[in-house]
Amino acid sequence: MAANTKMKDDNTVQVRELIDQKKQKKSFANLVEKAIPFFLFIITSISIFTTIGIIFTLLTETIEFFKRVPILDFFTGNTLEPLSQDPSFGVLPLITGTFFSSVIAIIVAAPIGLMSAIYLSEYASDRVKKTIKPLLEVLAGIPTIVYGFFAFTFVTPILREIIPGLEPTNILSPGIVMGIMIIPMIASMSEDAMSSVPNSMREGALGLGATKLEVTTRVVIPAALSGIIASFVLGISRAIGETMIVTIASGSSKNFTFDITQSMQTMTAYIVEVTGGDAPAGSTIYYSLYAVAMTLFVFTLIMNLAARYISRRFREEY
Amino acid sequence: MSILLDYQQTSDHTLTKKDLGNYLPVKKVVYDTQDLNLWYSDVHALKDINLSIYEKEVTAIIGPSGCGKSTYLKTLNRMVELVPGVQTTGTILYNGKSIFDRTLKVEDLRTRVGMVFQKPNPFPKSIYENIAYGPKIHGIRNKKVLNQIVERSLRGAYIWDEVKDRLHENAYELSGGQQQRLCIARCLAIEPNVILMDEPTSALDPKSTHKVEELIQELKQEYSIIVVTHNMQQAARISDKTAFFLNGEVVEYDNTNLIFNNPTDKRTEDYISGRFG
Ligand SMILES: Nc1ncnc2c1ncn2[C@@H]1O[C@H](COP(=O)(O)OP(=O)(O)O)[C@@H](O)[C@H]1O
Ligand SMILES: [Mg+2]
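In order, the protein sequence lines correspond to chains V and E.
Position one of the first sequence corresponds to residue 1 (the UniProt record's numbering), numbered consecutively onward.
Position one of the second sequence corresponds to residue 1 (the UniProt record's numbering), numbered consecutively onward.
Derived from the structure by calculation, the hints contain no laboratory data.
Treat the hints loosely; a few may be bogus.
[Stated by the list, open to error] With a cut-off of at most 30 Å between alpha-carbon atoms, the simulated BS3-like pairs for lysine-lysine come out as follows: (1) E:119 with V:212; (2) E:136 with V:212; (3) V:212 with E:105; (4) V:129 with E:119.
[To be verified] Distance ranges between label pairs, derived from CB positions: (5) E:83 with V:253: 56 to 66 Å; (6) V:53 with E:83: 50 to 60 Å; (7) V:159 with E:83: 44 to 54 Å.
[Unchecked claim] Examples of chain V residues lying across from chain E (beta carbon under 7 Å, computed): (8) 207; (9) 209; (10) 210; (11) 214.
It should be emphasised that the depicted structure is a prediction, and the values quoted were computed from it without experimental measurement.
Cβ coordinates follow ideal geometry from the N, Cα and C atoms, glycine included.
Using the sequences provided together with the hints, build the complete structure.
The following block contains the structure:
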């Protein structure tokens, strides 16, 4: 007891001394304290300046491209033959390629992702949930190149058994596989949105004699709709930007077609192809890269803005 | 009006007898609880509950927090089963039929027995849609009929005048007290027989509380109401019968005026006079 008190006293004395000592050294710490916000601001600016830089480069090179190829020809032309003697630069084949692959992907991913989310959020026990969610994350972590040859060597052969006319490279197979790739993202984001709907709302509906399904479809999904739509749109954005899968499994024919059993090229795959070959800097084909990249960028931007608008319109505030 | 008079006559007449065993009920029993026990995994939350709840009365359930009031209420519409690991023994008869009967669908029970929660929980939809939700899930689609139901229910909960010009605004723009009356209206929309209320005014200001209490008084002409409250003055003001719960048991159950003026059990007396809880 006595020892204890003594120790306490010692302690107090020491602490005071330590604090005093520390105060002497404070000036450097003060400097750090003041410098930190400035330092963090610089770090944050890096990403902003990078973005501005990228857009600036895209813009200047795109403008250069449109000096050589009229903008109307680019957006309305349905032949893309950059390497022919008399090259033509119509972007429509790439737009249809991107459009079809993304639409197929979302048709696959939205229902499966949403239903998985419903199962996980409303029906699965905690134990099942704890097992399945990490598995989904593993699926999301598979490199896209693996999905690419999965589409080419596994899905396409199976599809060719079912659809006899299917070409060895086609837009359908990578579309489906991209859908599989974005399922985990949609499932996981939609599940988060649905799980964050307060239980009191489920109870309110159950208390009125609603079945579990009615609670899910008429209360939980509407309340989580903005999150669900956001997950769909992010899924589409990923599909639009996805490169490897389509490059491998859809080939590089610049067909302007609405037939999904044929090979099509997407905007991303075109960029891969052209940068992979040696497009001499300063050539029209070199500048076309930037015009396509710019188009891709604008597409994704429009998607994201649309998503924000839609999710705000459908938001149910609680 | 005549219903009210009839009611007061009969209740005055019956509310004199102290021993409920000898009680000759003029009123019908809606809920008959027999030897009910309930466990949350290992927690024995309700112990040998025996309680008869009468039609078109307000039955108050009082007791210190954690004594099982909410649990009992949620057992009556089987909402308690949403908690994993809940086990019950004993019987609860609703209008003479066991609510645990395999052939009975919980949804049907909950359609007959409405519930109002402690914290107002409107759906994040418009005021109109909140009321129409119940009728809609039970298959009523006709717009005209729905309009009528919405108006009647909102009038029934005495909130019509406050919201009639803003039926399509989000329910979360209402004040807490209005939200709670909206939830009561939502409950009325499917015309239940019984309304369970779990501390319906504990999240409300005194003025809203007063309105809800008045509303309960009105509603008992047509509905049987079971209300959990930790506010003893409230129980005394609004209820016909009061059950005092303690540690998962019913210590005493009787006419409200007897419970408050002449309790039989020492523990009831202590609780009511504020000596614990
Ligand atoms: N979901 C639950 N899981 C486990 N125990 C619970 C749960 N809900 C309530 N309990 C326990 O049951 C007892 C009664 O709780 P409750 O019915 O909420 O009391 P009251 O409404 O009277 O305050 C308490 O001991 C509480 O801890
Ligand atoms: Mg409670």
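Taking the hints in turn, this is what the structure says about them:
Straight-line distance between C-alpha atoms of residue 119 of chain E and residue 212 of chain V comes to about 22 Å, which keeps the hinted pair within the 30 Å bound. In summary, the hint linking residue 136 of chain E to residue 212 of chain V is supported, as the alpha carbons are separated by about 15 Å, within the 30 Å threshold. Only pairs whose Cα atoms come within 30 Å are accepted, and residue 212 of chain V paired with residue 105 of chain E is accepted, the gap being roughly 13 Å. Distance hint between residue 129 of chain V and residue 119 of chain E is fulfilled; the C-alpha atoms sit about 28 Å from each other, no more than 30 Å.
For the pair residue 83 of chain E and residue 253 of chain V, the supplied restraint of 56 to 66 Å holds, since their beta-carbon distance comes to about 60 Å. In this structure, residue 53 of chain V and residue 83 of chain E meet the distance hint of 50 to 60 Å, their C-beta atoms being roughly 56 Å apart. Take residue 159 of chain V and residue 83 of chain E: their Cβ atoms lie about 47 Å apart, and the range 44 to 54 Å holds. Given the 7 Å rule on beta carbons, the hint for residue 207 of chain V holds: about 4 Å separates it from the nearest Cβ of chain E.
Against a cut-off of 7 Å between C-beta atoms, the interface hint on residue 209 of chain V holds, since the closest Cβ of chain E lies about 3 Å away. For residue 210 of chain V, the interface hint holds, the least distance from its beta-carbon to any beta-carbon of chain E being 5 Å, beneath 7 Å. For residue 214 of chain V, the suggested interface contact is upheld, since its CB lies about 5 Å from the closest CB of chain E, less than 7 Å.
Comparing the model with each numbered hint stated earlier shows that all of them hold.
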